[in-house]
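A.B. asks: Spelled out, the chains give:
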Amino acid sequence: MLRFENVGMRYGIGPEVLRDISFTLAPGSFHFLTGSSGAGKTTLLKLMYLALRPTRGLVHLFDNDISVTPRSELPALRRRIGVVFQDFRLIDHLTAVENVALPLRVNGVRHGEIDTHVRELLSWVGLGERLDARPSTLSGGQQQRVAIARAVINRPRLLLADEPTGNVDDHIAVRLMHLFEELNKAGTTIVIATHNNVLIEEFGHPVLQLDDGELTVRRGRQPAAEVV
Amino acid sequence: MLGRRTDLPFERDQSTRFLPWIVALMVFLGGLMFAAALIVADTVDSWDSTLTGRMTVQIPQAAATEASIATLTGKLEVTPGVTGVRPVPEAEARALLIPWLGEAVVNTDLPVPALIDVELAAGVRTDAASLAASLSQLVPGVTVDNHRAWLGALINLGRTAEILAFVILAMIAAAAVLAVIFTTRSGLAVHAAIIELLHQMGAQDRYIASQFQFQAMMLALRGGIAGAAAAAVVLIVFAWVGRGIDAAFLPPLTLSLGDWTALLIVPAAAVAIAMLTARLTVLRALARMP
Ligand SMILES: Nc1ncnc2c1ncn2[C@@H]1O[C@H](COP(=O)(O)OP(=O)(O)OP(=O)(O)O)[C@@H](O)[C@H]1O
Ligand SMILES: [Mg+2]
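As you go down the protein sequences, you meet chains A and B in turn.
Under the working numbering, the first residue of the first sequence is numbered 1, with each subsequent residue one higher.
Under the working numbering, the first residue of the second sequence is numbered 1, with each subsequent residue one higher.
In case anyone wonders, no lab produced these hints; they're calculated from the structure.
Virtual Cβ for every residue (Gly too), placed ideally from N, Cα, C.
Honestly, I wouldn't trust all of these hints.
Stated by the list, open to error - If you only want the chain A side, here are some residues facing chain B, beta carbon under 10 Å, derived: (1) L52; (2) N64; (3) V68; (4) H93; (5) V97; (6) N107.
Hey, can you work out the whole structure from these sequences and the hints?
C.D. replies: Pasting the structure below:
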């Protein structure tokens, strides 16, 4: 599904933010990603969702060696990845429904099929009342849920979420985690970056831990998917 | 494809609001300038054909006998390039002078030179001086007037105006191109985050570029139609005001087919430039993303 081999990453001529990162995510696995602020969680996720290219090392995604994959074939890979950005990146001029529908539009799904599906999902994350609201009029937690809905609407094969529960109370955080679990049971491989140790404890998935640019893997309580 | 144009929230984007106005202004000025250049070119061409098409041979009254006129006519008829020779009857020659001198003066025994109208084949430029020299050998004192003296200067002026009009047109076009490029670029900066997002969602470069291209087309089309319509109104009013003028040396001031074509070409070019700029700018920005 996803494999990193001795990946190193630096921004420009700065210091190496990530060093010798090697791990494998098996299909259908569920991982947390933790580390102190500035440890490189977002950078690692960006490498996973192909927004950055590593300065060294190999990234294999869906059985493609990214360094030799032609640029024209990357969009097809990206379509199978759902991303929840740390800063949401909702389009402020579109309504909540339109924002969530965006990945479907990009995928060429017909208009008629989009609407009900999107409204159902937004209702499920507790935004049934604010379907046609603009993101700027939503609370931080509500925006976050729109961003999550947008990331999962396409049933991605790989879901990468950067602090997806950072702005919501524990009750909603657990509800969102259940959404991710559902998706995971349906076959989606999931990585969730979080600072929330309570969630990590409660759900017990294996943890990718970043310290000072280096990665260690902790087994979870549950029988975890294979991790190297 | 049409349904997708709303992916990007262009309608509420301030930065693109001025594009139609800029395009309208440029198309208005460019359309007028193009039409003006065409009118000047037509006029100068008609002057030029007057110049090359006709000459007048003058015989001083003292030498103007029927025999000498017949000699000259015979000589002219065998001159290369001459397609028609017509001695002007004396009454007609006098009538030509009435507007200038008044009937009272002209109808006395004012000496009036005999005239022979000479028609030349299209495009033929016969040297008036050498023709006069050879005719003078037959009848002394004969002169040849090819109207060049005063019309020639006018034609030079007209040609200069024509060149100037096309230079200004080119400058307007360059200004329009720059305006469209800058407007599109600023729109792109505003939408950089959205472009990145669509890119991340797996949108092909072509898809994103065509969104911007479509948007640029709609904006430029709106401005182009408005500008061309305004220019057409000005030209129609101009032609209507000028319809009564019947100056011999001016062609009728009506909009020819060419003028209408000019009014279509200018907005079409503006739209094409806007679309191309949008497409290339977006594709260049996307090429920098992994
Ligand atoms: N675009 C960039 N250019 C230069 N340096 C960057 C850039 N993005 C991140 N960094 C640096 O890389 C390091 C890791 O940043 P990153 O955003 O990956 O951390 P993080 O673990 O996500 O932190 P947080 O928990 O605060 O979100 C930081 O030192 C940061 O300053
Ligand atoms: Mg981060």
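A.B. asks: For each hint, tell me whether it holds in the structure or not.
C.D. replies: A quick look at each hint next to the structure:
1. L52: Cβ of L52 of chain A sits 7 Å from chain B, so the hint holds.
2. N64: violated, 14 Å
3. V68: violated, 14 Å
4. H93: This interface hint holds because 3 Å falls under the 10 Å limit.
5. V97: violated, 12 Å
6. N107: holds, 7 Å
In terms of the numbered hints stated before, the structure departs from hints 2, 3, 5, listed from lowest to highest.
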